[in-house]
Every structure is written in structure tokens, then in C-alpha cells.
Amino acid sequence: MEIYPLELDEFEPHTFFFTTDYALAYQVNFVPSGYLFPNEPDFEQHVFEMLIKLVANLSDKPAPPDPRIPPTIAAIFKQFLDAQNRRAIVYICDSSDGRQHSRARKFAGWFYEFRGTTYLKLDGGIMDKEGITYHTAIILRVDNPNKIRVFEAFDRLIAQSNDKS
Amino acid sequence: MILRDLYLPRRALTHPAHPISRFFVVEENVILKQIQKAMEPEFKPSSDRAIAWAKAATERKRKEEKRMVEDFKTNPRTQAIVKRLFQKNHFKDGYGNLSA
Chain G
16 MEIYPLELDE
26 FEPHTFFFTT
36 DYALAYQVNF
46 VPSGYLFPNE
56 PDFEQHVFEM
66 LIKLVANLSD
76 KPAPPDPRIP
86 PTIAAIFKQF
96 LDAQNRRAIV
106 YICDSSDGRQ
116 HSRARKFAGW
126 FYEFRGTTYL
136 KLDGGIMDKE
146 GITYHTAIIL
156 RVDNPNKIRV
166 FEAFDRLIAQ
176 SNDKS
Chain Z
38 MILRDLYLPR
48 RALTHPAHPI
58 SRFFVVEENV
68 ILKQIQKAME
78 PEFKPSSDRA
88 IAWAKAATER
98 KRKEEKRMVE
108 DFKTNPRTQA
118 IVKRLFQKNH
128 FKDGYGNLSA
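Residue numbers (the numbering used here), protein chains in the order written: chain G, 16 to 180; chain Z, 38 to 137.
Worth flagging that the hints you see were computed from the coordinates, not collected in a lab.
Even glycine gets a Cβ: it sits at the ideal position worked out from N, Cα and C.
There may be inaccurate statements among the hints.
[What the hints assert, rightly or not] Simulated coverage check for chain G against chain Z, where a stretch passes if three residues somewhere in it have a Cβ under 8 Å from a Cβ of chain Z:
1. 36-48
2. 55-68
3. 82-88
4. 116-125
5. 151-163
[Unchecked claim] Short derived list, chain Z residues pointing at chain G, Cβ under 10 Å:
6. 68
7. 73
8. 99
9. 114
10. 123
11. 132
[Said to hold, decoys possible] Quick look at which bits of chain Z chain G covers, simulated, 3 or more residues with Cβ under 8 Å:
12. 84-95
13. 100-111
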């Protein structure tokens, strides 16, 4: 499936745009998130959170599922991670509307379809005391020199029980 | 294995007239419930630190997404990028109107 043309914002690093056949414009940002691993100065500067946002819509009609979006998102991921193999991307599914499970499933499906043998993903689930679950994942290149330490730090971050934290 | 072993005698013995039928039905239900429980995904409350991070990260994500939209509305540079991209698009019938 052909991906949508991408444009980078030359003045805002790590910001991508693409528009769709259904007249929607999306912005994808990779936001530096070193605060996640403050005790890991080696790789904290290479950790980013990914955000996808619909920023413009030229149509009044609801858009159907678009098969060109998943490969386009995958291409953005690849472009971003391939530019610097030390990078890691953290993704957390929005839980405000209760649809975090379907978002996590969709995201995982995209990842497994496009990962090839080059990318690794570690999933994490966090549940608060009210029973709300937060799905999160970290993705990096298989040749990331810090991959084991990044995975260990991520695992500590989302450690399940209070005993382990 | 357990289910199969249980199921075979049950088929033979669960006729309502058979005195032992009730025993097998009850036993099977108990075992089925145990299996069902064992196969459910396990969710237990996470550590306070993990919960605090998840909530902060979600809040931060919402704020950042809101900022992206607001910024786009007032940023001629990003609007120009999107306009260029839209001009390259061949919209599906009924979608998009660049003259609007």
C-alpha cells in the first residue's frame, strides 16, 4: 500500500505532516521525554514520546478506515528511528474515552505488520486503583546499543507491584 | 485433558434419570469456572510510581495534542506545509474542497 507523501517542518525538529485521500491533515510529533529516565544520562536524551493529531479536516463527511495511514505512520517511525539508532519511542494510549484497549490492539497490529526484523517493541500495562488501564509501549531499533538498558529502565518504570518499585 | 476425561463419562452419565448425573454437571461447572478464571488476563493495581507516571504522561500527551492543534491554527508556516500536501492529494469523491 502506497504511503502518503510526508513533509517535515524544517524549523521544528521531529515534526511530520501528511494529508489523506479523505481530506484530513495529520501532524506527528516526537517529543523529547528524557524525564522518563532521569537516572540514565546515557540514553535519556534519545527517548521520545510520539503524538499523532488530526490538525485539519476539509470535509464534513466522516472518513472511513484508511488503509494508507498505517504504512504512513510506520514510514514515519522508521525514518525517525533510522536517523539515529540510539533513539527509543514511548507510546501511551489515550484512556480518556475508554477506548485504550482498541487503540493498543490497533497500534500493536500496525507494529507487527511493519516491524520486519529491524525493530523491537516492549509492551507495558499499568492499572490504577480505580481499575483504569493504561497501555504503553517502547519501540527501538534492534541495533540500538542501549537496548537492554532501555528495556530494563522501561520495565522498572512500569513495575507492576509496589514491592518491585 | 481434564475436560475430555470429564466430558466422556458425563456424556454417558448425565441423563437426568441417572443418580450420578448431577454430580458430574456440578463438577464440570466448577472446573470450567476455574479454567475460565485462570485464563483471564491478570490485572492488578500497579505501583504508585507507575500509576503516577501513566497519569502524568497521559495528561502531558493531551496538553501537547491540544497545543499542536492551537499552534496549527495560528502558524502560517505549518498551514502552508499542509496546504502544499493537500494540493498534491487526489481526494476521494465527496471529500475535500480546496476552494472552500
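- prompt: Hint by hint, which ones does this structure get wrong, listed from lowest number up?
  reply: 3, 4, 5, 6, 7
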